[in-house]
Amino acid sequence: MSRFAPIKPSKIKAGSLESSYKFGFHTSTDKYAFKSGKGLSMKVVEDISSLKDEPKWMRRNRLTGYQVFKDKQMPEWGADLSSIHFDDIYYYLKPTNKEGKNWEDVPLEIKKTFDKLGIPEAEQKTLSGVKAQFDSEVIYGSIKKMLSDKGVVFLGMDEGLRKYPDLVREYFSSLIPTGDNKFAALNTAVWSGGSFVYVPKNVDVGLPLQAYFRINSPNAGQFERTLIIADEGSKVHYVEGCTAPAFSDGSLHSAVVEIFVKKGATVQYTTVQNWYKNVYNLVTKRARVEEEGRMVWTDFNMGSKVTMKYPGFILAGKGAIGETLSMAMAGAGQQLDTGSKAIHLAPYTSSTIISKSISKGGGRTSYRGMVNIGPKAHHSKSKVVCDALILDPQSRSDTYPTNKIFNSDVTLEHEASVSRIGEEQLFYLMSRGISENEAGKMIVQGFADPLIKKLPMEYAVEMNRLIDLEMTGSVG
Amino acid sequence: MLKIDNIHVTVDNKEVVKGVSLEIRPGEIHALMGPNGSGKSSLAMALMGHPAYGVRRKGQGPRDKGQGQSIIELDGVDITDKTPDERARMGLFLASQYPVGVGGVTVEQLLRRAAQEKLTNEQTDKRTKKIINDKVNKFIDALKFRKDLEKLAEKIGISKELLRRSINVGFSGGEKKRLEVLQMLVLQPKYAILDETDSGLDVDALRTIAKNIKTFGLRPSAFGLQKPGILVITHYAKLLHYLKPDYIHVMKDGKIIESGGREVGEKVEKEGYVSFRSDKAI
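Sequence lines, in order, name chains A and B. Per our numbering, residue 120 is the first one in the first sequence, and the count goes up by one each step. Per our numbering, residue 19 is the first one in the second sequence, and the count goes up by one each step.
These aren't lab readings, by the way, just hints derived from the structure by calculation. Idealized CB from N, CA, C, for every residue including glycine. Watch out, some of these pointers could steer you wrong.
[Unchecked claim] Distance windows between CB atoms, simulated:
no., chain 1, residue 1, chain 2, residue 2, range
1, A, HIS204, B, VAL95, 57 to 65 Å
2, B, ARG164, A, ARG539, 30 to 38 Å
3, B, ARG164, A, GLU534, 31 to 39 Å
4, B, GLY55, A, ARG539, 54 to 62 Å
5, B, ARG164, A, SER267, 53 to 61 Å
6, A, GLU542, B, VAL95, 33 to 41 Å
7, A, GLU542, B, SER277, 31 to 39 Å
8, A, LEU588, B, GLY55, 27 to 35 Å
9, A, SER536, B, SER277, 46 to 54 Å
10, B, GLU179, A, TYR519, 32 to 40 Å
[As the list claims (entries may be wrong)] Straight-line C-alpha distance at most 30 Å; calculated DSS-like pairs for lysine-lysine:
no., chain 1, residue 1, chain 2, residue 2
11, A, LYS189, A, LYS382
12, A, LYS573, B, LYS256
13, A, LYS282, A, LYS175
14, A, LYS157, A, LYS189
15, B, LYS178, A, LYS572
16, A, LYS573, B, LYS245
17, B, LYS288, B, LYS262
18, B, LYS194, A, LYS572
19, B, LYS169, A, LYS572
20, A, LYS502, A, LYS572
21, B, LYS36, B, LYS178
22, A, LYS573, B, LYS36
23, A, LYS572, B, LYS245
24, B, LYS194, B, LYS262
25, B, LYS100, B, LYS173
26, A, LYS282, A, LYS437
27, A, LYS301, A, LYS171
28, A, LYS572, B, LYS165
29, A, LYS396, A, LYS437
30, A, LYS500, A, LYS354
31, B, LYS285, B, LYS178
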């Protein structure tokens with residue numbers, strides 16, 4: 120891209136990467152109640168299970184997960200994962216021994232961290248409940264009375280397992296089996312924290328359920344496990360926002376999310392994440408949608424060193440609907456490999472996948488998606504739209520779509536566009552008096568806008584702010 | 019005064035404007051006519067500071083930034099090396115011949131942001147800042163801004179609905195041109211260059227647009243104390259009937275070969291550009 124102004128020497132100071140990351144603070148974590156040794160072994164897995172005093176089946180489940188994780192090869196079809204050193208990772212950290220029942224019980228150290236993240240503000244009356252995860256354990260949580268009155272369960276996964284063992288046993292790993300992939304197996308072996316949500320029949324939760332996740336220790340893997348069951352005719356919007364502080368060593372985040380959307384139910388799962396740029400973010404998310412049910416994944420990916428994430432849905436009942444709206448932004452040294460999987464098993468099902476990506480400063484984004492329409496899924500529709508915006512010649516974007524269609528009576532659409540941020544667009548906005556930097560931001564925000572509109576208000580604001588931060592000084 | 023002193027413009031190492039000088043005083047309307055490829059639009063782009071249009075004097079190599087005599091001056095300030103946004107904030111405006119689409123950015127957003135930047139930016143001199151402060155404070159108030167914008171838009175035949183759409187995305191040729199004029203009316207520049215704003219307009223639209231340009235030229239700008247100076251680039255004499263410019267210049271092969279009053283326009287209308295000879299540059 121040519122310049123609109125004389126090139127000035129850049130003013131990058133040593134360590135400016137660290138200081139430019141707003142959430143790059145680090146709270147001392149010497150106060151962990153329990154810290155497993157580095158690396159993974161059968162003993163570590165057993166220790167985790169014992170500490171949590173889990174039922175036998177979960178312990179067996181973990182050990183199977185460990186075995187599968189050891190046996191499976193690293194996936195080689197996507198991003199480069201060769202610099203993950205599994206032996207350098209702490210698989211379990213427990214900051215305090217018990218969950219905080221209210222704000223006063225939360226240790227000061229952790230409170231400070233939350234303060235910096237603005238969590239107390241987030242816990243305003245407009246929010247129906249805040250679950251904040253500090254490393255591996257849910258240490259603070261609250262649910263509005265209204266939710267309990269409706270019979271809605273919103274707990275940390277560990278607590279969910281203690282209180283609803285049968286429900287958890289019925290659904291856990293039933294959608295994403297232990298052997299699904301290496302990282303799902305790893306999560307099964309060492310999972311800790313995450314959310315357990317149950318929405319009873321015909322209950323509309325109304326306000327979004329929110330969860331914050333944070334990684335706060337060097338080499339701390341975070342392996343949360345989330346299970347959401349939306350019973351017939353119910354409706355819920357679950358929101359997770361992720362930020363991680365700055366560390367030089369690689370961190371691994373490998374979550375598993377399973378969602379069951381029963382007949383006529385609607386679930387929206389929104390992720391707004393901004394991992395620090397050394398985190399490997401390898402997440403498996405899947406939903407099973409029954410008759411006339413609807414699943415919406417809204418997935419915003421910023422930050423991380425490598426992200427591989429393809430939220431999927433199995434449209435198992437007649438007329439089921441699945442939608443994925445995903446946005447990824449990759450800067451220098453980052454690779455964001457995202458997309459979605461749509462599996463149509465029943466007739467009259469429909470899927471929509473809209474993916475937008477922005478790459479800049481040598482960053483790389485990929486859309487990787489699969490649409491599978493089975494033999495029984497007649498009269499089904501699928502639409503895939505992927506748009507990539509590339510800000511400079513050093514950056515890259517690729518598209519890897521796969522369609523497997525086993526029924527001729529279906530409609531399939533695929534649109535893909537790649538655009539480079541145009542000098543003409545910049546000039547046009549600048550000729551109205553808008554600086555080059557602002558003009559670049561406006562173009563990027565305009566590009567992302569159709570997806571950002573789908574977010575709850577406070578997240579839309581946050582997302583725009585993140586883009587703003589990412590874009591500062593990057594055009595030209 | 020917008021003063022252009024012997025400007026040479028190169029695109030892809032090809033000289034397309036070969037020494038043009040012009041002086042546009044506040045309150046004047048100048049028309050620049052000429053056949054396709056005569057360098058009119060290149061001149062406009064260079065004046066606005068498009069980086070693909072290299073500006074230099076005859077016999078000089080590429081200008082070192084900030085060196086040498088000024089080629090383009092706006093009210094006595096050398097703007098030859100200013101970026102497009104700096105020029106715009108100083109009061110220069112270009113109605114683009116081919117307005118560019120920007121997805122997800124609405125007309126309203128663009129103009130509000132432009133107004134905000136103008137207010138907060140250092141390039142705006144103190145006097146102007148004081149004048150616009152009151153206006154702009156109102157201006158920046160979202161609801162007031164929207165109301166004023168809608169009123170202006172209605173005057174030039176733009177629907178409210180268009181203001182909320184992504185700028186120039188899927189707009190008709192006529193809508194784009196009207197929108198350029200609307201932007202001029204909102205931003206109230208000291209000097210406006212209108213590059214073929216009349217092309218692609220139907221008869222009625224042309225009349226409305228011309229009327230608005232004329233009215234704009236008669237009143238002191240909201241962002242300054244002087245009347246705006248206007249440079250209209252056109253192929254057709256039609257627009258000139260409405261605008262009645264003070265000066266008409268004919269450009270051919272990168273040079274202005276004739277300047278004068280109404281009679282020049284009449285000559286173009288009667289005889290076309292063939293009768294103007296490019297070797298008698300003035």
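Hints, verified against the model:
| no. | hint | result |
| --- | --- | --- |
| 1 | A/HIS204 / B/VAL95: 57 to 65 Å | holds (60 Å) |
| 2 | B/ARG164 / A/ARG539: 30 to 38 Å | holds (33 Å) |
| 3 | B/ARG164 / A/GLU534: 31 to 39 Å | holds (33 Å) |
| 4 | B/GLY55 / A/ARG539: 54 to 62 Å | violated (28 Å) |
| 5 | B/ARG164 / A/SER267: 53 to 61 Å | violated (44 Å) |
| 6 | A/GLU542 / B/VAL95: 33 to 41 Å | violated (26 Å) |
| 7 | A/GLU542 / B/SER277: 31 to 39 Å | holds (33 Å) |
| 8 | A/LEU588 / B/GLY55: 27 to 35 Å | violated (45 Å) |
| 9 | A/SER536 / B/SER277: 46 to 54 Å | holds (47 Å) |
| 10 | B/GLU179 / A/TYR519: 32 to 40 Å | holds (39 Å) |
| 11 | A/LYS189 / A/LYS382 | violated (38 Å) |
| 12 | A/LYS573 / B/LYS256 | violated (48 Å) |
| 13 | A/LYS282 / A/LYS175 | holds (15 Å) |
| 14 | A/LYS157 / A/LYS189 | holds (16 Å) |
| 15 | B/LYS178 / A/LYS572 | holds (21 Å) |
| 16 | A/LYS573 / B/LYS245 | violated (46 Å) |
| 17 | B/LYS288 / B/LYS262 | holds (17 Å) |
| 18 | B/LYS194 / A/LYS572 | holds (26 Å) |
| 19 | B/LYS169 / A/LYS572 | holds (28 Å) |
| 20 | A/LYS502 / A/LYS572 | holds (20 Å) |
| 21 | B/LYS36 / B/LYS178 | violated (43 Å) |
| 22 | A/LYS573 / B/LYS36 | violated (53 Å) |
| 23 | A/LYS572 / B/LYS245 | violated (42 Å) |
| 24 | B/LYS194 / B/LYS262 | holds (24 Å) |
| 25 | B/LYS100 / B/LYS173 | violated (33 Å) |
| 26 | A/LYS282 / A/LYS437 | violated (33 Å) |
| 27 | A/LYS301 / A/LYS171 | holds (24 Å) |
| 28 | A/LYS572 / B/LYS165 | holds (24 Å) |
| 29 | A/LYS396 / A/LYS437 | violated (42 Å) |
| 30 | A/LYS500 / A/LYS354 | holds (23 Å) |
| 31 | B/LYS285 / B/LYS178 | violated (41 Å) |
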